[in-house]
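Based on these hints, arrange chain R on the given structure of chain S.
Residue numbers (my numbering), protein chains in the order written: chain S, 90 to 299; chain R, 90 to 299.
No wet-lab data here; the hints were simulated from the structure. All values derive from a computational prediction rather than experimental measurement. Among the hints, a few may not be true.
A pair holds if it fits inside one copy or across any two, identical chains being indistinguishable in the list.
Unchecked claim - Simulated crosslink set (BS3-like; lysine-lysine; CA at most 30 Å straight-line):
| id | residue 1 | residue 2 |
| --- | --- | --- |
| 1 | 235 | 256 |
| 2 | 233 | 159 |
| 3 | 170 | 182 |
| 4 | 235 | 170 |
| 5 | 242 | 176 |
| 6 | 159 | 115 |
| 7 | 242 | 138 |
| 8 | 235 | 182 |
| 9 | 197 | 182 |
| 10 | 242 | 159 |
| 11 | 256 | 182 |
| 12 | 190 | 256 |
| 13 | 159 | 197 |
| 14 | 242 | 190 |
Protein chains: 2
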Amino acid sequence: MGSLVWFTLLGFLTINSCAGRPHPCKSPPLLQGSLSMIGQSEDFQAIAKFNYDALEQRIHFGEFGYYQNKTFHVDALLLYKEGVMYKINRHNKTCTRKELKSSFHPLKVPHNATLLGQVVLGSMSHHGESLLVNSWAGEIPEHKAKYLLTFTKLGCIPVSCLYNSPKTGGITISFFNNIVGIVDPNVFIPPPYCTTATLEEGSNDFFSIF
Amino acid sequence: MGSLVWFTLLGFLTINSCAGRPHPCKSPPLLQGSLSMIGQSEDFQAIAKFNYDALEQRIHFGEFGYYQNKTFHVDALLLYKEGVMYKINRHNKTCTRKELKSSFHPLKVPHNATLLGQVVLGSMSHHGESLLVNSWAGEIPEHKAKYLLTFTKLGCIPVSCLYNSPKTGGITISFFNNIVGIVDPNVFIPPPYCTTATLEEGSNDFFSIF
Numbered sequence: 090m091g092s093l094v095w096f097t098l099l100g101f102l103t104i105n106s107c108a109g110r111p112h113p114c115k116s117p118p119l120l121q122g123s124l125s126m127i128g129q130s131e132d133f134q135a136i137a138k139f140n141y142d143a144l145e146q147r148i149h150f151g152e153f154g155y156y157q158n159k160t161f162h163v164d165a166l167l168l169y170k171e172g173v174m175y176k177i178n179r180h181n182k183t184c185t186r187k188e189l190k191s192s193f194h195p196l197k198v199p200h201n202a203t204l205l206g207q208v209v210l211g212s213m214s215h216h217g218e219s220l221l222v223n224s225w226a227g228e229i230p231e232h233k234a235k236y237l238l239t240f241t242k243l244g245c246i247p248v249s250c251l252y253n254s255p256k257t258g259g260i261t262i263s264f265f266n267n268i269v270g271i272v273d274p275n276v277f278i279p280p281p282y283c284t285t286a287t288l289e290e291g292s293n294d295f296f297s298i299f
Numbered sequence: 090m091g092s093l094v095w096f097t098l099l100g101f102l103t104i105n106s107c108a109g110r111p112h113p114c115k116s117p118p119l120l121q122g123s124l125s126m127i128g129q130s131e132d133f134q135a136i137a138k139f140n141y142d143a144l145e146q147r148i149h150f151g152e153f154g155y156y157q158n159k160t161f162h163v164d165a166l167l168l169y170k171e172g173v174m175y176k177i178n179r180h181n182k183t184c185t186r187k188e189l190k191s192s193f194h195p196l197k198v199p200h201n202a203t204l205l206g207q208v209v210l211g212s213m214s215h216h217g218e219s220l221l222v223n224s225w226a227g228e229i230p231e232h233k234a235k236y237l238l239t240f241t242k243l244g245c246i247p248v249s250c251l252y253n254s255p256k257t258g259g260i261t262i263s264f265f266n267n268i269v270g271i272v273d274p275n276v277f278i279p280p281p282y283c284t285t286a287t288l289e290e291g292s293n294d295f296f297s298i299f
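Okay, chain S solo, but in the shape it has when bound:
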């Protein structure tokens, strides 16, 4: 995706003075919420509930989606410390267990991201109608990827992510209904029928669950 307009925001938006200039932030280590993912083309949409534990480096995803005219459901548990990823079918009580080869990436603004600006979603004209957010842009040269990230100013809660790479195309991710903390830590414990699943070979990372 062309970055011209994103970077034009640098001049367009009101950026804080140096003293109060936002710095790349890291989200709370325990977070749960929901997200929607919409692919640029018509062939991919998904809604997921997630549980995120950066302390123990584990993520749980319960996702429903639509890809190339077919629906899919994914219930995935990624345990980075153990280097294992489970795909769980709770209805059939079956499970696949795969080696998780990528390392854990905490939910944060990359240190080398460029601040586009601080903006208000909604309106500050009346109380309770606004959310102050910081927007950041950057590139990941090894994936030829560009991203635009928006996090709340207070609390560093993710709001949205626009990601574009030749491999994935453009994807818009919106986060909502986030809560700091984990309501039920059992979501990170694989069901009994998972522990007996044979470890399958293959190169797996976060994106392979989709």
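Chain R in isolation, oriented as in the chain S frame:
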């Protein structure tokens, strides 16, 4: 854009009871702010400041964008009551004046839109980190278009719009830095060199300014 996932939100999101169920709302009649527009394909991005006056049915757009590898700048004034649209070049002090054939559409959720749900952007875990919004989906059969609209629960301020039609492709519009009211009503008065501009023929509507 496939609507399957959008409508799945109906079951996925927590919707208020009937008594407190959100109704399609109309934005404040006087509003100014900014918006970004990103086309699904790489060839269109734009940032605009807008002034919106539903009482007098007039809109002013100052927009900078990028389309098919070329930058563009648009300064457009749409006066629906007079049925005229000006494209202004303040640098060269030139102006084009065209007939505006479409009718004024107030900023609102269409009455026949389907409520997807009420969600929190950011997090309610701490004060000042959240924004309560309602999301709506619908179709415009005459344009074969689908849309997903998000407005703040309080105040009915636009937050985002995903629009997809065969004519436009997919477009993501994000609204920010909105203020209820108009800071400078002079933005709705065409500069002197516009009034002498010859009225050009042609079918023009809101989208023709882009």
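What label fits residue 197 with residue 182 when the C-alpha limit is 30 Å: within, between, both, or neither? For residue 197 and residue 182, the Cα distance exceeds 30 Å both inside one copy (34 Å) and across copies (47 Å).
When no copy is named, should residue 242 and residue 176 be tagged within, between, both, or neither for a Cα gap of at most 30 Å? Neither, since 35 Å and 37 Å both go past 30 Å.
Is the C-alpha distance from residue 190 to residue 256 at most 30 Å within one copy, between copies, in both cases, or in neither? within (19 Å within a copy, 43 Å between copies)
One pair to classify: residue 159 and residue 197, alpha carbons no more than 30 Å apart. Within, between, both, or neither? Cα proximity of residue 159 and residue 197: none, with 32 Å in one copy and 33 Å across.
At most 30 Å between alpha carbons: which applies to residue 235 and residue 256, within, between, both or neither? both (12 Å within a copy, 26 Å between copies)
Given identical chains, is residue 170 near residue 182, meaning Cα to Cα at most 30 Å, within a copy, between copies, both, or neither? within (24 Å within a copy, 65 Å between copies)
Treating 30 Å as the Cα threshold, decide for residue 242 and residue 159: within, between, both or neither. Answer is neither: 38 Å inside a copy and 33 Å across each miss the 30 Å cutoff.
Evaluate residue 233 and residue 159 at a C-alpha cut-off of 30 Å and name the case that applies: within, between, both or neither. Result: close both inside a copy and across copies, 28 Å intra and 22 Å inter.
Given identical chains, is residue 235 near residue 170, meaning Cα to Cα at most 30 Å, within a copy, between copies, both, or neither? Answer is within; shortest intra-copy Cα gap is 28 Å, inter-copy 43 Å.
I want to check one pair: residue 256 and residue 182. Are their C-alpha atoms no more than 30 Å apart within a copy, between two copies, both, or neither? The answer is neither: 33 Å in one copy and 46 Å across copies each exceed 30 Å.
At most 30 Å between C-alpha atoms: does residue 159 with residue 115 qualify within a copy, between copies, both, or neither? neither (36 Å within a copy, 36 Å between copies)
If the cut is 30 Å between Cα atoms, do residue 242 and residue 190 qualify within a copy, between copies, both or neither? neither (33 Å within a copy, 43 Å between copies)
Comparing the model with each earlier hint shows violations of hints 5, 6, 8, 9, 10, 11, 13 and 14; every other hint is respected.
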